[in-house]
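Trainee: Required output: the full structure, derived from the provided sequences and hints.
Protein sequence lines correspond, in order, to chains Z and H. To convert, note that position 279 of the first sequence is 279 in the numbering used here; the numbers rise steadily by one, no gaps. To convert, note that position 85 of the second sequence is 431 in the numbering used here; the numbers rise steadily by one, no gaps.
For the record, the hints were derived by calculation from the structure and aren't laboratory data. Every value quoted in this text rests on a predicted model; they were computed, and no experiment measured them. The C-beta atom is built at its ideal place from N, Cα and C for all residues, glycine as well. Every clue listed holds true.
Looking from chain H toward chain Z, a few residues come up when the C-beta cut is under 8 Å (computed):
#1 E349
#2 E350
#3 R356
#4 H369
#5 Q564
#6 I565
#7 A566
#8 T568
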Amino acid sequence: MLRRFKYLSHITLGFFMAEALIVLALVTCCLLASRQEAWQVLLSVTLALQIALFILLYFWLARPYWRLEWMIGLFLDGYSLTSLDNSNLQLSPVTERLTGYVKNELSANRLLKLSKRQAQYRALQNQINPHFLYNTLESIRSEALVAGLGSVADMTEALAVFFRYTISKVENLVTVEEELQNCETYFRIQQYRFGPRLRLNIQCAPEDKEVIYRCRIPKLTLQPILENGIIHGTEFKIGAGMLTVKLERTAKLLTILVSDDGVGMDEHALSQLNERLDQSGRAFQEDKEDAGGGVALVNVNNRIHLLFGEEYGLHVFSIPMAGTDVRITLPMIQSNRELPSGEVLL
Amino acid sequence: MKEEVLRMDRITFREQGATELNHFCLDIDAGEIVGLIPVNDTGLAAMIRLLRQNLPLHYGYVYYRGKLVNHWQDSDLSYNRIGVIESRSGLADDLTVADNVFVLRQGFRKLFIRRKVLNRQLEPFLRETGVALAADAYAKDLSAFPRFITELVKAVVAGCRLIVLMEPASVISDTRLGTLQRILRHYASAGISFLYVSRHYEEARQICTRAAIMVNGQIAKTVSTADTPPETLQCFGVEAYTQMVRRQERTKAVPMGSTPALEMRNLRYGSIRSLNVCVAPGECVVLQDLNNHIISDLIALFSGARKPASGTILTGGRPFAAKRLRDVAVIQQQPTQTMLFPELSYMDNLCFTLDHRIANIWRRSAPQQSIRSELAPMLGEAVFDQPVETLSQQQQYDLVYTRALLQRPRVAVCVQPFMGADVERRMQIWKLIERLLEKGIAVLILAVNLADSLSLADRLIQVLGGAVQAVYEREDFATLPPSAPWHDFWARTEKQARNDP
Numbered sequence: 001m002l003r004r005f006k007y008l009s010h011i012t013l014g015f016f017m018a019e020a021l022i023v024l025a026l027v028t029c030c031l032l033a034s035r036q037e038a039w040q041v042l043l044s045v046t047l048a049l050q051i052a053l054f055i056l057l058y059f060w061l062a063r064p065y066w067r068l069e070w071m072i073g074l075f076l077d078g079y080s081l082t083s084l085d086n087s088n089l090q091l092s093p094v095t096e097r098l099t100g101y102v103k104n105e106l107s108a109n110r111l112l113k114l115s116k117r118q119a120q121y122r123a124l125q126n127q128i129n130p131h132f133l134y135n136t137l138e139s140i141r142s143e144a145l146v147a148g149l150g151s152v153a154d155m156t157e158a159l160a161v162f163f164r165y166t167i168s169k170v171e172n173l174v175t176v177e178e179e180l181q182n183c184e185t186y187f188r189i190q191q192y193r194f195g196p197r198l199r200l201n202i203q204c205a206p207e208d209k210e211v212i213y214r215c216r217i218p219k220l221t222l223q224p225i226l227e228n229g230i231i232h233g234t235e236f237k238i239g240a241g242m243l244t245v246k247l248e249r250t251a252k253l254l255t256i257l258v259s260d261d262g263v264g265m266d267e268h269a270l271s272q273l274n275e276r277l278d279q280s281g282r283a284f285q286e287d288k289e290d291a292g293g294g295v296a297l298v299n300v301n302n303r304i305h306l307l308f309g310e311e312y313g314l315h316v317f318s319i320p321m322a323g324t325d326v327r328i329t330l331p332m333i334q335s336n337r338e339l340p341s342g343e344v345l346l
Numbered sequence: 347m348k349e350e351v352l353r354m355d356r357i358t359f360r361e362q363g364a365t366e367l368n369h370f371c372l373d374i375d376a377g378e379i380v381g382l383i384p385v386n387d388t389g390l391a392a393m394i395r396l397l398r399q400n401l402p403l404h405y406g407y408v409y410y411r412g413k414l415v416n417h418w419q420d421s422d423l424s425y426n427r428i429g430v431i432e433s434r435s436g437l438a439d440d441l442t443v444a445d446n447v448f449v450l451r452q453g454f455r456k457l458f459i460r461r462k463v464l465n466r467q468l469e470p471f472l473r474e475t476g477v478a479l480a481a482d483a484y485a486k487d488l489s490a491f492p493r494f495i496t497e498l499v500k501a502v503v504a505g506c507r508l509i510v511l512m513e514p515a516s517v518i519s520d521t522r523l524g525t526l527q528r529i530l531r532h533y534a535s536a537g538i539s540f541l542y543v544s545r546h547y548e549e550a551r552q553i554c555t556r557a558a559i560m561v562n563g564q565i566a567k568t569v570s571t572a573d574t575p576p577e578t579l580q581c582f583g584v585e586a587y588t589q590m591v592r593r594q595e596r597t598k599a600v601p602m603g604s605t606p607a608l609e610m611r612n613l614r615y616g617s618i619r620s621l622n623v624c625v626a627p628g629e630c631v632v633l634q635d636l637n638n639h640i641i642s643d644l645i646a647l648f649s650g651a652r653k654p655a656s657g658t659i660l661t662g663g664r665p666f667a668a669k670r671l672r673d674v675a676v677i678q679q680q681p682t683q684t685m686l687f688p689e690l691s692y693m694d695n696l697c698f699t700l701d702h703r704i705a706n707i708w709r710r711s712a713p714q715q716s717i718r719s720e721l722a723p724m725l726g727e728a729v730f731d732q733p734v735e736t737l738s739q740q741q742q743y744d745l746v747y748t749r750a751l752l753q754r755p756r757v758a759v760c761v762q763p764f765m766g767a768d769v770e771r772r773m774q775i776w777k778l779i780e781r782l783l784e785k786g787i788a789v790l791i792l793a794v795n796l797a798d799s800l801s802l803a804d805r806l807i808q809v810l811g812g813a814v815q816a817v818y819e820r821e822d823f824a825t826l827p828p829s830a831p832w833h834d835f836w837a838r839t840e841k842q843a844r845n846d847p
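Mentor: Structure (C-alpha cells):
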C-alpha cells in the first residue's frame, strides 16, 4: 500500500479521500449532536484536522511537486542527465515508465560511445584505414631519410605516433603520462608550423609527479584542449605564445590547468562557453554540436561527466588579451576498478 | 600535495529571479591567501552569503574542508564555519574583547563567566598577533585596527579554517596594514586560509599568492601575483575607467597666488598636532592619515561641531566660524547611507544647505522651480518626484554631490569618497568631484588608503601622528611605495616625461 504513495497522483487522491471523510464525519456528528457545546468541540476538531491536512498537503504534495518540476526543468535545460534518475517521486505510473524510457535512451554507455566516436572523428576528420595510414607514413619517413630530409622524417614519425594513439589505442582511460606524451607529440607536429613562436611548458610538483603521472584520465582529454588553445588563443596573437599544462592534486582530486597566453575572450563569450559546459547534457539531447565554438571542450566535458559524474569536468577562465585557462577537475584514480561507473567502460 | 579548504565549483545562484553568481568557480588551499578583486558589486554579497550558509543553488557544488556541503540537488541551509570580517564592526559594542571572542562563540555553554579566566585564555592569542590589546577593553572603545584584530582572533578561536577579509585597507591605515599582513602570514603558516577582498590589485598583490578577478558574478580569471599583470587587468571591464585615469591631466590649471580656499595654521585638536595645510581654489589635495587618527577630528572641526584647541582654520582668507559654516561642504564616507534623509522629498534633500544663499527657500516655490528646471537636464526630470529611498545608487550619488555644488562652498571635504564603490560608481564619483573642481571649488579628500584619490589629486599630504609627514606633488607620485594604487601608471608617466623632454 505504502509503495503506491511514491506517485503524486496517488497522494492527491489520498488527500481528497481524507478531506471527504472529514467532511462526512463532521456532517454525521452534527446531525447526531444535540447540544451547542458538542457542536463547538466538533468544529474545533474539524478545524484542527483541516490544518493538519493542509500542513501534510504542503510537505507531501506541494513541495515534492515543485521539486520534481524543478528537476525536470534542469534536465530540459541540459544541466543534468541524472536529475530524473535521482528523483524519488513520480507523477504517476505512466510517467515513471516514460522516465525509464528516456533514461534508457540516454544511458551513459551509449552516450560515451557516441562521444568517443565524435572525438576520434574530430581528430581524424576522415575515415581512413589506420593500417594503410601508418604504412604510408612509414614509407614517407623512409623516403625522407633516404633523401636526407631529417625534418620531414621526424614530422612523419610524430604524425604516425599521434595517429596510433588517437585511433588504435582503444581504452577509455589512459595514464596522465601517456596523455602528456601524446600532447608533446601533437606539439612537435604543431611546432613545424609555428616554429619557435610556440612553446609548451608542463608543470608538476616534483613530490607529486610520480603519483599524478600514474593517475588514469579519459583518453584524448588534454590534446583537444591544447589544440583549442593554439587555434583560438595563440594563433591570433602577435609574437611568441606559451602553452602551459599545470598538474596539481589533493587527496581526492586531480586538477589540470591548461593555459595559453593568447587573445582570450570577452566576458559574454566566456559566460556562454561555461554555460554550454554546464549544460553539456543538452548536446546529447539536441543535435547542437556545431552551435558556437568550444565543441572539443564540450566533448571532453561530456566524457568526464559520463565516466566520473557531473561533479567533475571543465571550466574556462579568460580575459581579453590575457589568455585563457581551462581547468579540468578529475577524481584521483589509479585503476579502472576505482571508477564509480565501471560499466561504461565495457 | 595540496589540502583543499574551499571549492566553489560552477555555482549558478539566483535570487528573486536575478542571477547573482554565474558559473562561479573559486578554490582556496590550506594556508593560502587568495585575493578577490570584484570589478563590480554583482554577486559579491551573494557569494559571502553562500560562504556563510548553504543556500539553495541553481547549479553547482560547494566543498568546504574537502567535504561536499552544498550542491544543486540538496541544500540543507546549514551554516559553515567561515569567518567574515567586514569594514563595519561585527563586535558587540558593550562587551569586552574577551567576551566577544569567547562568550559569543558558537558552542559556548558556561552559565557563569569568569572574566579573569577568559582574559588569561585570550592572552596567548593576543601575544601571537603581537598587537598590544587589552582583553578587558570594551569593543566600543576600540579603533579600527584593534577591532579588526579582535574579529580576526575571534574567527581563529572559533575554529574557522577560512576567513574572508572585506576590503581591510578601507578602514586600516597604511602603517597598520603592514602589521596586518604579518599577522595574516603567521596564521597562513599555521594552515588558516584567507580570502582577501580588495578593489585594488596593487593592494592584493602585497599579500596574496593569487588574485581572482570577479566580473558580473563570475570569476573571469585567476592570476598569479608573482607575475606582473596590471596591463592584463586593465584591458577588460575597467577599460573605460583606465582610460579616464590615463587622461587624468586636468585641463584647468590650478590658479597660483590667489587667496587659498582653505588654510589650516598650526591646527591642534584631539589627535591633530600642529597641522599646516593650504588648498587653493580648484585644487584637489589628498590628505592621507597614515595611522587613521585625525579624520574624525577633522570632520568634527569642519562640520562646526567642535572648535580647534589652538591654531586657526581660514576659508577664503577669513576665519572659519559658525556663520561661515557653508564655506565647507563635508561629504561623508558612503554618503548615500549617511547623508540622505528618506523622510524628506528629493527637492528638500537637494536644497537644505541652500539657506545661506536663498532666504526662506522652504516656503518659496519659485526658486525651487527654477532649481528644478535648471538641474533637470543633468539629474533627469523624473527623480524630483521620486521618494529618495527608491533612487538608484547612481541617482543618490548625483543628489549628494549636486547638493554640495548648489551650496557653492569654498572647499568640499570628501571623506574616503571611493570607499566600497565598484568601477562604475568610481567613474561617477570621479566625474562628480571633477565637476566641483571645474567650478573652482577646492577639494580636500580625507583618506586612510589612497584608493583612486591619487588619480584626481594635485598634491598628496601624508599625515602621521597628527602632523604632516610628507608632501608629494603630482610629479613625485611615482616615488610612492609600490602598494599605492595605479603605481605602475605613475611610474610609466614619470618615465615618459623623462624620455620626452
